[in-house]
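J.: Below, each chain spelled out in residue letters.
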Amino acid sequence: MSVTSANAAPTGLAALANPTRFLALVARVLPFLWVLTVAVLAVGLWMSFNVPDDYQQGRTVRIMFVHVPAVWMAMGAYMVMVSGALGVLVWRHPLADVAARAAAPFGAAFTFLGLATGSIWGRPMWGTWWVWDARLTSFLLLLIIYLGLLALWNAIEEPARAARLAAVAILVGALNIPIIKFSVDWFTTLHQPASVTRLDGPTLAPEFLYPLLVMGLAFLLLFTTLHLMAMRNEILRRQIRTLQRKMARSVGQGARKSWKVRA
Amino acid sequence: MSELFGTRYFEFIASSYAITALVLMAMVVWVLLTQRSRRRQIASLEEAGIRRASRQKAKSP
Numbered sequence: 001m002s003v004t005s006a007n008a009a010p011t012g013l014a015a016l017a018n019p020t021r022f023l024a025l026v027a028r029v030l031p032f033l034w035v036l037t038v039a040v041l042a043v044g045l046w047m048s049f050n051v052p053d054d055y056q057q058g059r060t061v062r063i064m065f066v067h068v069p070a071v072w073m074a075m076g077a078y079m080v081m082v083s084g085a086l087g088v089l090v091w092r093h094p095l096a097d098v099a100a101r102a103a104a105p106f107g108a109a110f111t112f113l114g115l116a117t118g119s120i121w122g123r124p125m126w127g128t129w130w131v132w133d134a135r136l137t138s139f140l141l142l143l144i145i146y147l148g149l150l151a152l153w154n155a156i157e158e159p160a161r162a163a164r165l166a167a168v169a170i171l172v173g174a175l176n177i178p179i180i181k182f183s184v185d186w187f188t189t190l191h192q193p194a195s196v197t198r199l200d201g202p203t204l205a206p207e208f209l210y211p212l213l214v215m216g217l218a219f220l221l222l223f224t225t226l227h228l229m230a231m232r233n234e235i236l237r238r239q240i241r242t243l244q245r246k247m248a249r250s251v252g253q254g255a256r257k258s259w260k261v262r263a
Numbered sequence: 001m002s003e004l005f006g007t008r009y010f011e012f013i014a015s016s017y018a019i020t021a022l023v024l025m026a027m028v029v030w031v032l033l034t035q036r037s038r039r040r041q042i043a044s045l046e047e048a049g050i051r052r053a054s055r056q057k058a059k060s061p
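The listed protein sequences derive, respectively, from chains A and B.
43 is the number that the numbering used here gives to position 43 of the first sequence; each next residue is one higher, with no gaps.
30 is the number that the numbering used here gives to position 30 of the second sequence; each next residue is one higher, with no gaps.
Hints in this document: simulated from the structure, not taken from any laboratory.
There could be a bad hint or two in this list.
What the hints assert, rightly or not - Footprint (simulated), chain A over chain B, 3 or more residues, beta carbon under 8 Å:
no. : segment
1   : 14-25
2   : 39-46
To be verified - Just some of the chain B residues that point at chain A, by a computed CB distance under 7 Å:
no. : residue
3   : Tyr9
4   : Val31
5   : Thr34
6   : Gln35
7   : Ile50
Note that the Cβ used here is the ideal one computed from N, Cα and C, for glycine as well.
Looking at chain A on its own, in the form it has when it is part of the complex:
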């Protein structure tokens, strides 16, 4: 797919409004992103397995290195959808809806992963798989919001209409994000308060903080890579839709022509 164009090339986000140019950029960066993702994930896993045991949690502290990055990405994917929604409603950027829609399945998957690993961690540490406290309940709500948005997108055939409706729904659902983040401060929860993203700096010991940050970066890289691929898939889906309509039209025209010949 060639991108050479005689037109004056716009720069920045405007340049990416052209799907052909966006696809060319994706094709160029993906190999590097894959190599980087695998490398950082390998380092992160190695660091995770080589931490000392926590004085309270023992070895189960290792669950943190998959649980916390999954939760970060669950909320990060939602922030991508929020910026996509703003892009749809405010700037009408053609790729904004594509970006929002492509992030949703990964957001849902990371949210599920956060709930599952949290539950597995809760059993030995809290003595229960699940409790209806504010943090866990608001996080479960995030999964329901993701699934609701996916259902909304699938229910509306026309992309432009789906984009506006979904954008409004995303912004309404965004109210849940600060609730998740601050639930541990506002309410009495079984879940512990924040220990990394705090105004006064992380309280986590460096031997646990560094592997956590590296795993966080690995998850972020994986999400970015997959998100770009899913955006490309979404652009392809829309191209298929256009081609199918074109085919339907040409079949219709063909039918009219043959009818005229017979008449």
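Add chain B to chain A, keeping to what the hints say.
T.: Just chain B, lined up with the frame of chain A:
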């Protein structure tokens, strides 16, 4: 003590890493399978003579 503690909860640690590996791999496989099916669909439509507007311009006017 820590050795005992570690072995005691081994199944919890192993299962959380296993489910993580499973979900991450499922995401990768899903993206790749979707990509393959969309590319095939486009190829078959183009084979049927339906071209995208951007490619049509390249043909003689």
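J.: For every hint, state whether the structure bears it out.
T.: Each hint, compared with the structure:
By the rule of at least three residues with a Cβ nearer than 8 Å to a Cβ of chain A, the coverage given for the segment 14-25 of chain B holds, with 7 such residues. Coverage of a stretch by a chain is defined here by at least three residues with a beta carbon nearer than 8 Å to that chain's beta carbons; for the segment 39-46 of chain B and chain A the count is 5, and the condition holds. Annotation: interface hint on Tyr9(B) holds; nearest CB of chain A at approximately 5 Å, less than 7 Å. Because the smallest distance between the Cβ of Val31(B) and any Cβ of chain A comes to about 5 Å, under 7 Å, the interface hint for this residue holds.
Nearest Cβ of chain A to the Cβ of Thr34(B): about 5 Å, under the 7 Å cut. The hint holds. The criterion of a C-beta within 7 Å of any C-beta in chain A is met by Gln35(B), whose closest approach is roughly 5 Å, and the hint holds. Interface restraint check: Ile50(B) against chain A, minimum CB-CB distance 5 Å, threshold 7 Å, status holds.
In this structure, none of the earlier numbered hints is contradicted; all agree with it.
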